[in-house]
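Asks: Here are the chains, one letter per residue:
Protein chains: 2
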Amino acid sequence: MSTNSRLDQQIAFIEYIDKLKYITRKTRLFGSGRHENDAEHSWHLAMMALVLKEHSNEQVDLLKVIKMLLIHDIVEINAGDVFLYDTTKNHDNTEEELKAAKEIFGMLPAEQANELINIWLEFEEGETAEARYAHSLDRLEPIMQNASNDGGTWAEFQVPYSTVIHKTQKIEKGSNVLWSYAKDLIDDNHSKGIIPKG
Amino acid sequence: MSTNSRLDQQIAFIEYIDKLKYITRKTRLFGSGRHENDAEHSWHLAMMALVLKEHSNEQVDLLKVIKMLLIHDIVEINAGDVFLYDTTKNHDNTEEELKAAKEIFGMLPAEQANELINIWLEFEEGETAEARYAHSLDRLEPIMQNASNDGGTWAEFQVPYSTVIHKTQKIEKGSNVLWSYAKDLIDDNHSKGIIPKG
Chain A
0 MSTNSRLDQQ IAFIEYIDKL KYITRKTRLF GSGRHENDAE HSWHLAMMAL
50 VLKEHSNEQV DLLKVIKMLL IHDIVEINAG DVFLYDTTKN HDNTEEELKA
100 AKEIFGMLPA EQANELINIW LEFEEGETAE ARYAHSLDRL EPIMQNASND
150 GGTWAEFQVP YSTVIHKTQK IEKGSNVLWS YAKDLIDDNH SKGIIPKG
Chain B
0 MSTNSRLDQQ IAFIEYIDKL KYITRKTRLF GSGRHENDAE HSWHLAMMAL
50 VLKEHSNEQV DLLKVIKMLL IHDIVEINAG DVFLYDTTKN HDNTEEELKA
100 AKEIFGMLPA EQANELINIW LEFEEGETAE ARYAHSLDRL EPIMQNASND
150 GGTWAEFQVP YSTVIHKTQK IEKGSNVLWS YAKDLIDDNH SKGIIPKG
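First to last, the protein sequences are chains A and B. Numbering that gives the first Met the number 0 numbers the first residue of the first sequence as 0 and each following residue consecutively. Numbering that gives the first Met the number 0 numbers the first residue of the second sequence as 0 and each following residue consecutively.
Hints are not guaranteed to be accurate.
Each pair may be met inside one copy or between any two copies, as identical chains are not told apart.
[To be verified] For lysine to any residue, the following SDA-like pairs were computed, each having C-alpha atoms within a straight-line distance of at most 20 Å:
{"no.": "1", "residue 1": "Lys-196", "residue 2": "Asp-60"}
{"no.": "2", "residue 1": "Lys-63", "residue 2": "Ala-112"}
{"no.": "3", "residue 1": "Lys-166", "residue 2": "Tyr-15"}
{"no.": "4", "residue 1": "Lys-196", "residue 2": "Val-59"}
{"no.": "5", "residue 1": "Lys-182", "residue 2": "Ala-112"}
{"no.": "6", "residue 1": "Lys-52", "residue 2": "Pro-108"}
{"no.": "7", "residue 1": "Lys-18", "residue 2": "Gln-157"}
{"no.": "8", "residue 1": "Lys-52", "residue 2": "Asn-113"}
{"no.": "9", "residue 1": "Lys-52", "residue 2": "Leu-62"}
{"no.": "10", "residue 1": "Lys-182", "residue 2": "Gln-8"}
{"no.": "11", "residue 1": "Lys-52", "residue 2": "Ile-76"}
{"no.": "12", "residue 1": "Lys-169", "residue 2": "Thr-127"}
{"no.": "13", "residue 1": "Lys-172", "residue 2": "Ser-161"}
Read the hints as simulated data drawn from the structure, not as lab findings.
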């Protein structure tokens, strides 16, 4: 229909990533029983990046942070979602995810594919100011959701306090302010017995 | 829980806008019977802005475009969604929407509230390069979805060809390339009898 081959590639990518809307997370919407999907999650994190930028420990390039957050879960279309508190599978940067990144971003013209693969890798590696801030937000949202849902996944999967802290404390690398806020929520749920000891 | 009053305002806003995930659009996901919600739609448009930027007629500030698209439907949480082809209610920039923008963005610290209200107004007014490009994408996504769904809302609501063109041709103000692509999809659906004459 179009003779513009770059546009054809871009349109095919745009249609393909629609599948992100079907990938269901373990966490639920605020004060709700309805599970969140990855597209909703990605939108919410981008909004958080915009609104909470002043709390990043370091100066960040906001556009790069938002790009990271918009694309960070797209690999799950091919590689599947791994729950943060999964006890059998590593959450981070698997071979399957790298393969998925190359497959999905590889649908785009080469220089666009390379840009998005590199931004995704930068997020996964977590070694830049932008990646640290983006990770803080990715950890903070489900803490807020769990706190609004009588413990949410903490209660549902009986995740012990030490595990919750271990999995979420990297918020501090991106933002001391947001970690202080998140830690208060976690400690409050622990003191109420919602997050089990251990 | 926090003594940081700016953060408290920001957190309240972040929780409030979760409601965008419950606002259902008339259009459905690609090749699907499932209606799209506004959060998914906003995520998808931000991704389109990123990937299709080279097709904007004018140079644009991509961060501003993405901000516009992330927030453009948030007013619908308070004002409700108005269907593009609604025959009784104006789609654009109603008093209710301005009131909603002031209420919702007004939850944020003043300078952040002002920034987002102004970006939302700039989108609604459609008089800048960023707003024109953003509008192109907001019109293009449902055309692609309808084309993937045997006519989608065009067929479901029997929207005549002249109305479809009238409501979508502003894509051209933002992007000649995207309008050419969209027009081909519309004309193809018209020639197949999926979009009725008239």
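Asks: Taking the hints in turn, state whether each one holds.
Replies: Hint check:
1. Lys-196 - Asp-60: Neither, since 39 Å and 49 Å both go past 20 Å.
2. Lys-63 - Ala-112: Within one copy only: 15 Å inside a chain, 22 Å across chains, cut-off 20 Å.
3. Lys-166 - Tyr-15: neither (31 Å within a copy, 26 Å between copies)
4. Lys-196 - Val-59: Classified as neither; 36 Å inside a copy, 52 Å across copies.
5. Lys-182 - Ala-112: Close neither inside one copy (37 Å) nor across copies (27 Å); limit 20 Å.
6. Lys-52 - Pro-108: between (31 Å within a copy, 13 Å between copies)
7. Lys-18 - Gln-157: neither (30 Å within a copy, 28 Å between copies)
8. Lys-52 - Asn-113: between (26 Å within a copy, 16 Å between copies)
9. Lys-52 - Leu-62: both (11 Å within a copy, 14 Å between copies)
10. Lys-182 - Gln-8: between (44 Å within a copy, 18 Å between copies)
11. Lys-52 - Ile-76: Classified as neither: same-chain Cα gap 28 Å, cross-chain 24 Å, threshold 20 Å.
12. Lys-169 - Thr-127: Classified as within: same-chain Cα gap 13 Å, cross-chain 40 Å, threshold 20 Å.
13. Lys-172 - Ser-161: within (18 Å within a copy, 55 Å between copies)
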